[in-house]
Structures are given as structure tokens and as C-alpha cells.
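Number of protein chains: 2
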Amino acid sequence: MNYCSHCGEKVTLIVPPGDDRERYVCSSCETIHYSNPRIIAGCLPIHEDKVLLCRRAIEPRYDKWTLPAGFMENGETTEEGALREAWEEARAKIDVEGLYTLFSLPQINQVHLFYRGHLSALDFEPGPESLEVRLFTEEEIPWDDLAFMVVGKTLKHYFADRQSGHFPMRSEDLVHPKGRDWKPP
Amino acid sequence: MNYCSHCGEKVTLIVPPGDDRERYVCSSCETIHYSNPRIIAGCLPIHEDKVLLCRRAIEPRYDKWTLPAGFMENGETTEEGALREAWEEARAKIDVEGLYTLFSLPQINQVHLFYRGHLSALDFEPGPESLEVRLFTEEEIPWDDLAFMVVGKTLKHYFADRQSGHFPMRSEDLVHPKGRDWKPP
Ligand SMILES: [Zn+2]
Ligand SMILES: [Zn+2]
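Chains A and B supply the protein sequences, listed in that same order. Taking the working numbering, the leading residue of the first sequence gets 323, the next gets one more, and so forth. Taking the working numbering, the leading residue of the second sequence gets 323, the next gets one more, and so forth.
Hints were generated in silico from the structure; no laboratory data involved. There's no promise every hint is true.
Said to hold, decoys possible - Pair ranges (Cβ atoms, derived):
1. PRO338/A <-> ARG484/B: 26 to 34 Å
2. GLY340/A <-> GLU447/B: 17 to 25 Å
3. HIS369/B <-> ALA482/A: 48 to 56 Å
What the hints assert, rightly or not - Some chain B residues flagged as far from chain A (calculated, every beta-carbon gap over 10 Å):
4. VAL347
5. ASP371
6. GLU381
7. GLN429
8. LEU444
9. LEU457
10. GLU461
11. PHE481
12. GLY487
13. ASP495
Beta carbons are placed, not taken as given, at the ideal position from N, Cα and C, and that holds for glycine.
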């Protein structure tokens, strides 16, 4: 950030009065510009003993397999964001059964949420951001060609929980040793 | 948003090529400026048969009672954000027992998360954003003077779940009929 999005003057990185972190503050209108983590909402689409994955047509991780997921937009709920992504990336419609996994990735300022649900129809097909969409049994999952660690972890939880038929909501942090600002006192 | 935070030139609100929503796009450097929902992370601090509430020293909802909560910051996990807020608003330290409630508020582009946990000490006291911090039994909760609907809902879930001793993670949408952009197909 170089300029104030409100008035167009230069911003400086300072700790505002009463705050304890650096923020971009406008040198002219004094607006404080906050930056906050973003939410990635996605689905774990299930059909019988299979799950749906998409092969990515975009960077990052072009050609790798992923669960449909993307940045949550203003004006929607987390679940609507997840359903929208399933539609956009796989033309898939899902009957949601519940929130399943939540991951914090503090080093990249992201929170990922995945909803578990069954495909309500089998007429899925690649959307513009996918090269291919298909169903995989547990044995067929391309573990070495998954796009993101949160996808692998969500799939592993699912196949493990499927044994018992209980799918408790799972919360996990994926933390690099670097890039951390604050620890609980 | 009026100006590009990257180059300082004017932005215009248009639907970028390949997108389906209006974004602020720079007329000079062509940067697309996305705006996304923000996360509010908070705690439900418990001691014996009581819960901790803070009386707000700031707007909005000055003088009303709330659970400690606030905007999640870059560089932290959701749980760390919740613990930080408990410390900042109530000088309270919490042993977290799990994620308890998640609320989407699409009309104001917010997602609220509350962690359930026990106070690890009783030396809490008001931080700079609180007028008063105290413990309440269920009978003492000032239901008519709570600051936010998500606080009341989290407390009601807790007192109901306490009967059984089971505290399943609860996900809920607080949706106004207006202000919605997108519905699942
Ligand atoms: Zn300014
Ligand atoms: Zn620009």
C-alpha cells in the first residue's frame, strides 16, 4: 500500500495512537487502513464412496487437484461462498451436511473453511477455472498431486471419520515458524 | 474507495473481464482491488456456573455487555485472535476447549467465531475498551443489555448445551432480507 484509497495522498506505516501494531495511515486525511485475514470457503462434495476433485486450470498449482474453494465474497454467508465455488469450479450442486474443517494459515493471513455435503446431481463439469472434474474413491485419490495441504488434510479426516460415520467439526492451524506477530500472554 | 492504493490514480467501479461482480479497478495501473468479509474472533470465558462479560467502553454499543471479541489480525490464528481479545478487553486468560459458534452476517460482510473455554485465573480486569468485567450466572445475564445478537445466541446455546454437557460446534446465519447479492443456483 502506497496511497490512501480515500483521498489519494501518501500513506505511512506507523503505530497509531492507542494501537499496538503498525498500520498504513494517511498523511493527509488521517484514515487508518486496516488489513485483515481473508476467508477461503470450499466444499467436500461426496457421492456414494467417492469425493469430487477439480484439476486446476489456473495458477497457483496449475494442473493439481483440489476441492472446489475460493475467496469468500462480500454479501454472502460462508456456506453460500462454498456452494458458489462448487458451482463455479465444478458446476456441482451440493446438499450441505455441515461445516467440517477450519484451518488458520497465519503466515499468509488466510482462514480456510470446508463444508461436507452430498452431490445432489451428477451433471457436474469443469467450470472456467478447472481442466477436469471427477469422482475419486479413497484408493484413487492423487495424494501426491493435490494442490493444497488443507485439501489433503480435509480428505484424510473424511476417510478416517467415514469409518465411524461421525464427522465432528475439526479445527487446525497450519503454522510456519516464521511470520508470526503475536503470542497469547 | 476513490483512489488506487498502489499508484494513487482514480479507481472506477466496473466488472473486470472474466469476473461477474463489480470491483474497484485502477484506471492507470489496472490493479483490481478486492474487498472481502472480515472475521471477528471472540471467547466465551467460563468459570464454574458463570460466564464472563465485558461492559463496553467504546462505540458501537457503548455501555452494553459483550463477550470479548474483535477483528482478527493478520499473522494470527482464529484461536489466537480470540485469546488476544480476551486479554485486551478483560485481561482474561482462557484454556480453550474448542470452537463453539460461527455466524455469517452477510449484510455487513462479517463472520463471527467464538471459542468456548475456562478462565485459567480470576485476576481479570477491564482493559482499555471495557468499563467493567464480571462473571454472571445464567439468571444474572443482562439479556436486554447485550451489545450484539451473536453474543445472546452464543450464551443461549451455551446454557442449553450445558444441560447435556455436550457442546457441538454451531453454525448459523444472521441474514437481513436486503443486501444479498448471490443465491446458490
Ligand atoms: Zn487520505
Ligand atoms: Zn493504480
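Structure-based check of all given hints:
no.	hint	verdict
1	PRO338/A <-> ARG484/B: 26 to 34 Å	violated, 41 Å
2	GLY340/A <-> GLU447/B: 17 to 25 Å	holds, 18 Å
3	HIS369/B <-> ALA482/A: 48 to 56 Å	violated, 35 Å
4	VAL347	holds, 13 Å
5	ASP371	holds, 25 Å
6	GLU381	holds, 14 Å
7	GLN429	violated, 8 Å
8	LEU444	holds, 16 Å
9	LEU457	holds, 20 Å
10	GLU461	holds, 30 Å
11	PHE481	holds, 21 Å
12	GLY487	holds, 15 Å
13	ASP495	violated, 5 Å
Hint compliance for this structure: hints 1, 3, 7 and 13 are not met, and every other hint is.
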